[in-house]
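Trainee: Here is how the chains run, residue by residue.
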Amino acid sequence: MSLETFQQLNWSIMTPEFIILGVIAVLVLCDLFMPKTLDRKILGWVGIAAVFAAMAATAAMVGGPVQSILHDTFRIDSFSLAFKLLLLCGGVLVLFLAVSYEPKDGVERYQAEFYYLFLAALLGAMVMTSSGDLITLYIGLELLSITSYILAGIRKFHLQSNESAMKYVINGGISTAITLFGMSYVYGLTGTTNLLEMANKLVTLANSNHVYLLTLAFLMLVVGLAFKLAAAPFHMWAPDVYQGAPTPVTAFLSVVSKIAGFVILIRILLTVFGFAATKGQGSMPILYDMQNYLAVIAAATMIIGNVVALRQTDIKRMFAYSSIAHAGYLLVALTSLTTNMFDSIWFYLLAYLLMNLGAFAIIQVITEKAGGTAIADFAGLYRRAPVLAVAMGILLISLAGFPGTAGFIGKLNIFLGAFYAEPAHYVLASIMIATTVVSYFYYFGVMTQMFFRPPADDSKLNIPFGILVVLIVAVVGSILLGIMPNIAFDFMQNNLDIIGDFFK
Amino acid sequence: MENAWLIPLFPLLSFLLLLLIGKRLREASAYVGILLTLASLVFSILVLFERFSEPTYMAKVNWLTIGEVHLTAGFEVNQLNALMLFIVSLVSFLVHTYSKGYMQGDERFHVFYAYLGLFTFAMLGLVISPNILQTYIFWELVGVGSFLLIGFYFYKEEAKAAAKKAFIMTRIGDVGLFIGMILLFWQTQSFEYSEIFKAVEAGSVSNTMITLTAILIFIGAIGKSGQFPLHTWLPDAMEGPTPVSALIHAATMVAAGVYLVAALFPLFLASKTALLTVAVIGGFTAIFAASIGLVQTDIKRVLAYSTVSQLGYMMLALGCGGYVAGVFHLMTHAFFKALLFLAAGSVIHAVHTQNIEEMGGLWKKLKLTAPLFLIGTLAISGVPGLSGFFSKDEILVAAWEGGHPVLFLLALIAAFMTAFYMFRLFFMVFTGDARSEQRDVNESPSVMTLPMVLLGILAVVAGYINTPWFGSFLGDWLVDGNPILGAAHIEGPAWIMIAATVVSLAGILFAYFIYGKRSIAPDWLSGKGDMLHTVVSNKYYIDEFYQMTVVAIVTGFSYFLRLIDTFLVEGIVKGVVGFVQGLGRTGAKMQSGQVQTYGAVAFLGLAVLAVIYALTGGYLR
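Heads up: the sequence lines are chains W and Y, in that order. For what it's worth, the numbering used here labels the leading residue of the first sequence as 1, then goes sequentially. For what it's worth, the numbering used here labels the leading residue of the second sequence as 505, then goes sequentially.
Bound-form chain W, shown alone:
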């Protein structure tokens, strides 16, 4: 590529990524040259500003045409914009948590790293949404993963944090291996890494042996990527890692990382397997043929997440299982494969982002104060800090999927989708309902602690500014989207034509 063509490329579509990348570089340099005595918190605020700027740059592209550069490896379509906005929202809220994170045996020494590693991880996730090629997808995935491993272990002198990072890196390695193995099959069968080209080649796939290999690749990719979603059978790392990682990192893993996981899964499954015919041209695509496998994974994820959550006495572990369960609900939407699938998944992730990050904000306040992560530390929260308790109550009922909250609308969408699908997934829908009922027990267990138990200590809790911001956004958002969900759906339907753009 000559310099001229290089310059002619439409680099502007990468503005959000460049903003984040630039700020990471600036932060690294600042950290290096800033006097040791200076508080690094200011760098965190710069990071927040950067994410807001990236958000504005992304929002400016909404409604525009499909664009791609670098041989279609990086593309801007409605899908990427919609989910990039979600990631940025999640990212900014997590950074708000991070600047308010002050554990007893702190992270002061690594505070600046803490901020720019978050940004780097976010950058990886953003690249994933815009990738049109296996290579860029994988690079985005690894950027996200590797920075997350470091983040999990950022409290260097904290044993649990170390353990968490160790477990995360080993499991992450296994998952990457499986994913790559699956990708290699796909590459081997098509001879290209570009997703759309693959789709074109696979339409005419007729050799039944190739179909067999491709389906194996499908299973490997799904299982490998299940790691990022924390879905069965690759969910077991989640509780251990969530428990040990610093709370903002846990929040990041449970929200941003999970969104990124869904982005890559949807991108690969729909483009590669949505067209690969099982028996020659025009026959059933592999994706539809394999729906039942996805259904089994979704069901197992919901059951494991919700049932094991019942036994937890540690709030972060409980939320790990709860996040596994939510991945299960989202997989139900993916299994149904209706025309509303994108809307349902996007909306559910938005609702999940709000309610889960809000809940983690409160968890961060409580655990920092208590110095431990037991659910019992929530006892009598209503007496100590009524506002926090009510906010947590609202977020919990939203997580439980109670009517009037965003969580309910999200579940309702997925549920209707499961019925509207052809053929309808009754069994999956019933499992979803049953496990949702189970989830009431553990969410309400926390409620009982907060409202109906006397507090262990009566000390007041002070709420840092960052936490306050996250809480307001989360609580207002959860209720607003529960009462007027059309705000989000209208935005989606009026500006973003995901299905139309997806294969252009």
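The set of hints was computed from the structure by calculation and includes no laboratory data. Even for Gly, the Cβ is constructed at its ideal location relative to N, Cα and C. Certain hints may be false.
[To be verified] Once the Cα atoms are required to be at most 27 Å apart in a straight line, the calculated BS3-like pairs of lysine-lysine come out as:
#1 W:Lys41 x W:Lys369
#2 Y:Lys702 x Y:Lys564
#3 W:Lys156 x W:Lys41
#4 Y:Lys660 x W:Lys460
#5 W:Lys460 x Y:Lys527
#6 Y:Lys776 x Y:Lys702
#7 Y:Lys664 x W:Lys460
#8 W:Lys460 x W:Lys41
#9 W:Lys201 x W:Lys504
[As the list claims (entries may be wrong)] Reference excerpt, derived from the structure (chain Y facing chain W, CB under 8 Å, subset only):
#10 Leu568
#11 Leu645
#12 Gly655
#13 Phe658
#14 Arg675
#15 Phe682
#16 Ile683
#17 Trp690
#18 Gln693
#19 Phe701
#20 Ala703
#21 Gly1091
#22 Ala1106
[What the hints assert, rightly or not] Stretch by stretch, here's where chain Y covers chain W in the computed footprint (C-beta under 8 Å, at least three residues):
#23 412-424
#24 492-504
Dock chain Y against the given chain W, drawing on the hints supplied.
Mentor: Chain Y alone, transformed into the frame defined by chain W:
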């Protein structure tokens, strides 16, 4: 009627206001709640009167669009809704007033009023919803309100457990409702009542589907209305403050199940099986709960079982096709049961115990509460002339004419039991000598007695709007324009009314012999005529005979049913819970903390999927 949507908003405003400034207002919070519910009541009365002369009003806006699916939100004022609005806002207003006296001095006075506001908002929202999805949303919100109110005394371990139990038990029913609702939507493409009925009438939904959805929705009603087998939460819920019991567990929330069945009545009518299910569950619950009520010693628990039993009556009426009878009894029951609960609260307020074995001789001490309690007792027992008599009679006629002689008989026996245990309660509390030391027993303040007086008047006269003698005004109005709902008044043989009177009087008489006899001076009785006197002089024979036979059988039966209740019903519930928890334990055990296991599980999962694929698809195909 265009402004009917304001009605639920007043209590919501009360809730929000009290949440924000309740702490500063303290006891003045009561006025906020009372005034705002009064506003609701005034509007409800206006709407009700408007609805007498005008047709149904409905307004809706587009709420949510998912793909091609449009969901609407709005409100509707039809006959049933207007009536329910009136009942709910009236009882809520009275309970708000009453609580000012009852809850005085409670540290969390304002919180109580805030919760009451939330609950009232949810309940009013429930009854003006024009579509089942909106109903469902408010239905759940009502559950939250009730959860908070039952657990209000959270420092009591029982209250905490009861709140949780009530919430979870009703949730089980709600799952049925939710699935039924979604299935209906799937079949009819709409959540709106009118659209659903149109589709059902047009026959575009298969009969199996109608039966299935109707029964699933009825499961929701079973949970909320405390019908067998999901009734166990209701007696436990008596741990909440007594005004709450009057509001939630007598007049409003528990009636929501009956309301739901009534609101979806055309759907139920389309399926014989569903109707029969409703009738059988209702009839069985009526006698089942009544028999348990016979042996309770806690004043509120007696009333709780009586509520369960009366709700069974309403279900029975609906199941037998007696739409008017069911709704009519819902209304009269709301009045006399709220009265009974408030009066019971007044008694508890005075003597600080709920155990009726420690009470007695309160007639002279509670000059106002006692006669009011008597009115409520007479009304629920179905003594001629009071409201309960007319509505119960309608139900019995509906059961008989609906072709369910067995259920009719059950209802008749349950009526006998009702009269018996209610008067047992009355005699034990108000007559005889005090069975424990009672000090400073004072009548409640007028802020508590006035609401009771009003309910007392209603408990007497409310029946006259629908009687076989003076015309069936309520019935005519309820079915006006909806002939499908059935006749405005079912004409039944005259002997049913006589039979009803006889059994209720017999019940009272038995109760009197057993529990009242010692207290009443013979000279009071002798004035009542010779025949009664002779019977009374022989009271010991009857009493002993009764003790040996009827009481033994009834008590035995009752204990048997209690056993079923504790071991079978609770056992199944516990079994399910145990299973789920066991599963959870196993899952938690797998979580050994060893990274190798985690990786191995992932590989194993992949391997299993691949093997299943190899066995079913791939080369084998």
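Trainee: If a hint holds in the structure, say so; if it does not, say that too.
Mentor: For each hint, the structure was consulted:
Note on lysine 41 of chain W and lysine 369 of chain W: the hinted pairing holds, with a Cα-Cα distance of about 20 Å set against a maximum of 27 Å. Only pairs whose Cα atoms come within 27 Å are accepted, and lysine 702 of chain Y paired with lysine 564 of chain Y is accepted, the gap being roughly 18 Å. Between the alpha carbons of lysine 156 of chain W and lysine 41 of chain W the distance comes to roughly 19 Å, so the proposed pair stays at or under 27 Å and holds. Our distance criterion of 27 Å between C-alpha atoms is met by lysine 660 of chain Y and lysine 460 of chain W, whose separation comes to about 25 Å.
With a C-alpha separation of about 18 Å, the suggested pairing of lysine 460 of chain W with lysine 527 of chain Y holds against the 27 Å cut-off. A threshold of 27 Å between alpha carbons decides the hint, and for lysine 776 of chain Y with lysine 702 of chain Y the separation of about 18 Å falls inside it, so the pair holds. Only pairs whose Cα atoms come within 27 Å are accepted, and lysine 664 of chain Y paired with lysine 460 of chain W is accepted, the gap being roughly 25 Å. Restraint check for lysine 460 of chain W and lysine 41 of chain W: satisfied, since their Cα atoms lie roughly 24 Å apart, inside the 27 Å limit.
Under the criterion of a C-alpha separation no larger than 27 Å, the hint pairing lysine 201 of chain W with lysine 504 of chain W is consistent with the structure, at around 15 Å. Annotation: leucine 568 of chain Y was flagged as interfacial toward chain W, and the flag holds, the nearest CB pair being 5 Å apart, inside 8 Å. Look at leucine 645 of chain Y: its Cβ gets to within about 6 Å of chain W, closer than 8 Å, so that hint holds up. With its C-beta approaching chain W no nearer than about 6 Å, glycine 655 of chain Y sits inside the 8 Å limit, and its interface hint holds.
Satisfaction of the interface hint for phenylalanine 658 of chain Y is found here, the shortest Cβ-Cβ separation to chain W being roughly 4 Å, below the 8 Å cut-off. Against a cut-off of 8 Å between C-beta atoms, the interface hint on arginine 675 of chain Y holds, since the closest Cβ of chain W lies about 6 Å away. For phenylalanine 682 of chain Y, the shortest C-beta to C-beta distance to chain W is roughly 7 Å, which falls under 8 Å, so the interface hint holds. For isoleucine 683 of chain Y, the suggested interface contact is upheld, since its CB lies about 6 Å from the closest CB of chain W, less than 8 Å.
For tryptophan 690 of chain Y, the interface hint holds, since its Cβ comes within 8 Å of a Cβ in chain W; the closest pair sits about 5 Å apart. Taking 8 Å as the C-beta contact cut-off toward chain W, the hint placing glutamine 693 of chain Y at the interface is violated, the least distance being around 10 Å. Among the interface hints, the one on phenylalanine 701 of chain Y is violated; its C-beta lies about 21 Å from the nearest C-beta in chain W, farther than the 8 Å criterion. With 8 Å as the threshold, the beta carbon of alanine 703 of chain Y stays out of range of chain W, its nearest partner Cβ sitting at about 16 Å, so the hint is violated.
For the restraint placing glycine 1091 of chain Y at the interface with chain W, the shortest Cβ-Cβ distance is roughly 4 Å, inside the 8 Å limit, so the hint holds. The interface hint given for alanine 1106 of chain Y is met, as the beta carbon of that residue sits about 4 Å from the closest beta carbon of chain W, less than 8 Å. For the stretch 412-424 of chain W, the assignment as covered by chain Y holds, since 6 residues bring a beta-carbon within under 8 Å of that chain's beta-carbons and 3 suffice. A stretch counts as covered by a chain when three or more of its residues have a beta carbon under 8 Å from one of that chain; for the stretch 492-504 of chain W and chain Y the count is 1, and the coverage is violated.
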